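In the order they appear, the protein sequences are chains A and B. Quick note: the first sequence uses numbering that gives the first Met the number 0, first residue 0, plus one each step. Quick note: the second sequence uses numbering that gives the first Met the number 0, first residue 0, plus one each step.
Treat the hints with caution; some may be incorrect.
[As the list claims (entries may be wrong)] Incomplete in silico selection of chain B near chain A, CB under 7 Å:
| hint | residue |
| --- | --- |
| 1 | ALA52 |
| 2 | PHE66 |
| 3 | LEU100 |
| 4 | PRO101 |
| 5 | ASN182 |
| 6 | TYR295 |
| 7 | ARG297 |
| 8 | ASP392 |
Source of the hints: derived by calculation from the structure; they are not laboratory data. From a predicted model like this one, the values you see are computed outputs, not experimental measurements. Every residue, glycine too, gets a C-beta built ideally from N, C-alpha and C.
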Amino acid sequence: MRKLAVHSLMVAAIALAATIVRDSPAADLVVPHDPSALDATMLVSNACSKCHGPTGISASPLFPILAAQQVAYIQTELKLFRERGRSDPRARAFMWGIARGLSDDQIDGVAQYFSSQPPATGAVSSNPALAEKGKSIFENGVPAREIPGCTICHGPNAEGIAAFPRLAGQHRDYLAIQLQQFRSQMRESEIMQPIAKNLTDDEIAAVVEYVASK
Amino acid sequence: MTRDHLEFLSWLAGARLLRLGTLAAIVFAGAALALVSTPARAVPSFARQTGLACEACHTIPPELTPFGRRFRLNAYTLTTRPPLVSDIDDHKRNTVWLTDLPGMSILLQATYDHWNRPLPDSLVPGAKSQSDDFQFPQQMSIMYAGAISDHFGAWLQMTYLQNTGSLGIDNNDVRYSDHTANNDWVWGVTLNNNPSFQDVWNTGEAYGIPYFPVQSLYSATQPLGNTGMRAPIFTQFPGLAAGLGAYVWYKDSIYLELSEYHSAKSGSAIANEDSSNLNVGGGTIDNFAPYWRAAYERDWGYNSAMIGTSGMYVKFVPSVFAGQTLSPGNVNRYLDLSVDWQYQYNGQHNIFTFLGHYTHENQENDPGLVPTYFNNSTDHLNQLQVTGEYYYDHRYGGLVSFRRATGTTDVPFNGGSGSPANQFEVFELDYLPWFNTKLLLQYDVYNVVNNNQNPFFLAGSTNPKASDNNTWVVGLWMDF
Numbered sequence: 000m001r002k003l004a005v006h007s008l009m010v011a012a013i014a015l016a017a018t019i020v021r022d023s024p025a026a027d028l029v030v031p032h033d034p035s036a037l038d039a040t041m042l043v044s045n046a047c048s049k050c051h052g053p054t055g056i057s058a059s060p061l062f063p064i065l066a067a068q069q070v071a072y073i074q075t076e077l078k079l080f081r082e083r084g085r086s087d088p089r090a091r092a093f094m095w096g097i098a099r100g101l102s103d104d105q106i107d108g109v110a111q112y113f114s115s116q117p118p119a120t121g122a123v124s125s126n127p128a129l130a131e132k133g134k135s136i137f138e139n140g141v142p143a144r145e146i147p148g149c150t151i152c153h154g155p156n157a158e159g160i161a162a163f164p165r166l167a168g169q170h171r172d173y174l175a176i177q178l179q180q181f182r183s184q185m186r187e188s189e190i191m192q193p194i195a196k197n198l199t200d201d202e203i204a205a206v207v208e209y210v211a212s213k
Numbered sequence: 000m001t002r003d004h005l006e007f008l009s010w011l012a013g014a015r016l017l018r019l020g021t022l023a024a025i026v027f028a029g030a031a032l033a034l035v036s037t038p039a040r041a042v043p044s045f046a047r048q049t050g051l052a053c054e055a056c057h058t059i060p061p062e063l064t065p066f067g068r069r070f071r072l073n074a075y076t077l078t079t080r081p082p083l084v085s086d087i088d089d090h091k092r093n094t095v096w097l098t099d100l101p102g103m104s105i106l107l108q109a110t111y112d113h114w115n116r117p118l119p120d121s122l123v124p125g126a127k128s129q130s131d132d133f134q135f136p137q138q139m140s141i142m143y144a145g146a147i148s149d150h151f152g153a154w155l156q157m158t159y160l161q162n163t164g165s166l167g168i169d170n171n172d173v174r175y176s177d178h179t180a181n182n183d184w185v186w187g188v189t190l191n192n193n194p195s196f197q198d199v200w201n202t203g204e205a206y207g208i209p210y211f212p213v214q215s216l217y218s219a220t221q222p223l224g225n226t227g228m229r230a231p232i233f234t235q236f237p238g239l240a241a242g243l244g245a246y247v248w249y250k251d252s253i254y255l256e257l258s259e260y261h262s263a264k265s266g267s268a269i270a271n272e273d274s275s276n277l278n279v280g281g282g283t284i285d286n287f288a289p290y291w292r293a294a295y296e297r298d299w300g301y302n303s304a305m306i307g308t309s310g311m312y313v314k315f316v317p318s319v320f321a322g323q324t325l326s327p328g329n330v331n332r333y334l335d336l337s338v339d340w341q342y343q344y345n346g347q348h349n350i351f352t353f354l355g356h357y358t359h360e361n362q363e364n365d366p367g368l369v370p371t372y373f374n375n376s377t378d379h380l381n382q383l384q385v386t387g388e389y390y391y392d393h394r395y396g397g398l399v400s401f402r403r404a405t406g407t408t409d410v411p412f413n414g415g416s417g418s419p420a421n422q423f424e425v426f427e428l429d430y431l432p433w434f435n436t437k438l439l440l441q442y443d444v445y446n447v448v449n450n451n452q453n454p455f456f457l458a459g460s461t462n463p464k465a466s467d468n469n470t471w472v473v474g475l476w477m478d479f
């Protein structure tokens, strides 16, 4: 009898847990019943953070680090996702869906949120010689093949400028794949496609080694 | 901190298993709860709801990625579709929230099975002895899977199985969840009908390997399809029990759950998708059976690793001894304790998974049933499963799985030689032309099968061997 009472208590406690937590406001949806009811923090909490991390520092290189990213860049990309104007494979698989119901206000809020987070510290390069070569490409480009340096748009420290994204401290693999996809024209960009098309695999490896370590 | 947690959990799992030697008994009265555990699957309705491609949640369906685990622990509620109907009260709390798109999905499996030896005519009176069957469908499910409201979601599945010719309730899970704004704490409540179905790491029975079990037309009476062989009791209640559980998920790393299961109907099994359960699924959970689960996950780079432990304590009233009169006071006590692990590498092109579990079961037989139905006052069962998988670009790949059970010899209980031992391997090659369509070639190899569960022995075949049951499977799996 005592055991039955214990078990019953456990079941009751479990059931009670549901009613206690029920008091929290409606919030678990990316698209709420009333869009204005959902602020950017909630959106990040309910959706973005599951892949990009609560402060925009993702664990997996499948997902870019967004902490301290430029506001204008996040706005531009989210709108591109929403309009399906960016069609690299990961954009299709993940962001077309996530962004499809976002309002401009929500996009602004999310962009502000991530851009105000402290940046990720770059990974320490395990190949300083490669990073040094990458630094040269980053700063000077490859003049012999008319490849411009990166600093003019992305800033001297790869911190980004307005719609040109921050690259510093980004996942190395993520950066490499973006360059490869610009090169193969899988990811749209009128600026980056012509630049990336002349980059060799070795040059991509070098420049991302440097940028990821910043 | 991280390493400390890991070490603590490892220590805990080890300590519990060591203590088992001194723990008393348990039971298996269900001489043959030959239940067909149906595989879990990817569900397109989730994709419709979220707008995410399958790869967001699955390495290869039904195996979950870290994101898929979070989606499920958040009660399937993430959605990017506006509701068709909604209302809120004065405190901005939802009073109703209905999707514009019901989360319906169809799951379809078709198979051609070919086993090593023609089944004897005597097994199926009137049938010509053959060594194959062709099932379209092997099974078909219709289900609701998706959000019900802002904090509620459900997976409700009905399945038709050709090997029993019946339509019934399959895996069900309704869950509630909420979380703190910073996501450090996610908590939830699950109401489900199959211990381990609620788990998110694919190492248990309900979501585990083989993801595509053979369900031979004869599987109710023989090990074809990996059924009918002795397995821990916590795997024996798909659709036969109802459980209420609560869980917390802390900082995307520590998972704790406590559930209580009760038999759906005292004294007999309910009709699930496998009507053969009605014939063999005798036995009732006495009162409530607690089930617990702890896991630690760490994600870094493309990697995700988990180590965990789970257990279930079941007081079981056996009623499987046809024609026998048992006192309601005859109760066998089972304690299942498991350790399990998973390592996933979910890269840009390559996916590796290594996962498995080890379960030790103590079975204390009611003194009133010894020695008539059990030789021993205490029986043991140990089950080990280890699986490795590799896939490229979510398109090509396969898996190799090994499962072995050993335990105490008990002739009246296990029949035949009295050994509960069984061992088999699954080799599978997969091709996914689309993410929701899997073509597979599978070969199941049986090394050890108790004669009492070997149909070739039971039907009087000459020189019956475990390998008679080896099976080739050509399969198609679609969901839409």
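Status of the hints after comparison with the structure:
1. Evaluation of the ALA52 of chain B hint against chain A yields a held restraint, the C-beta minimum of about 4 Å falling below 7 Å.
2. The criterion of a C-beta within 7 Å of any C-beta in chain A is met by PHE66 of chain B, whose closest approach is roughly 6 Å, and the hint holds.
3. Because the beta carbon of LEU100 of chain B sits about 12 Å from the nearest beta carbon in chain A, more than 7 Å, this interface hint is broken.
4. With 7 Å as the threshold, the beta carbon of PRO101 of chain B stays out of range of chain A, its nearest partner Cβ sitting at about 16 Å, so the hint is violated.
5. Hint on ASN182 of chain B holds. Least Cβ distance to chain A is approximately 5 Å, under the 7 Å limit.
6. The interface hint given for TYR295 of chain B is violated, since its Cβ lies 15 Å from the closest Cβ of chain A, which is over the 7 Å cut-off.
7. Hint status for ARG297 of chain B: violated, given a least beta-carbon distance of 9 Å to chain A, over 7 Å.
8. Interface hint status for ASP392 of chain B: violated, as the beta-carbon distance to the closest one in chain A is roughly 10 Å, over 7 Å.
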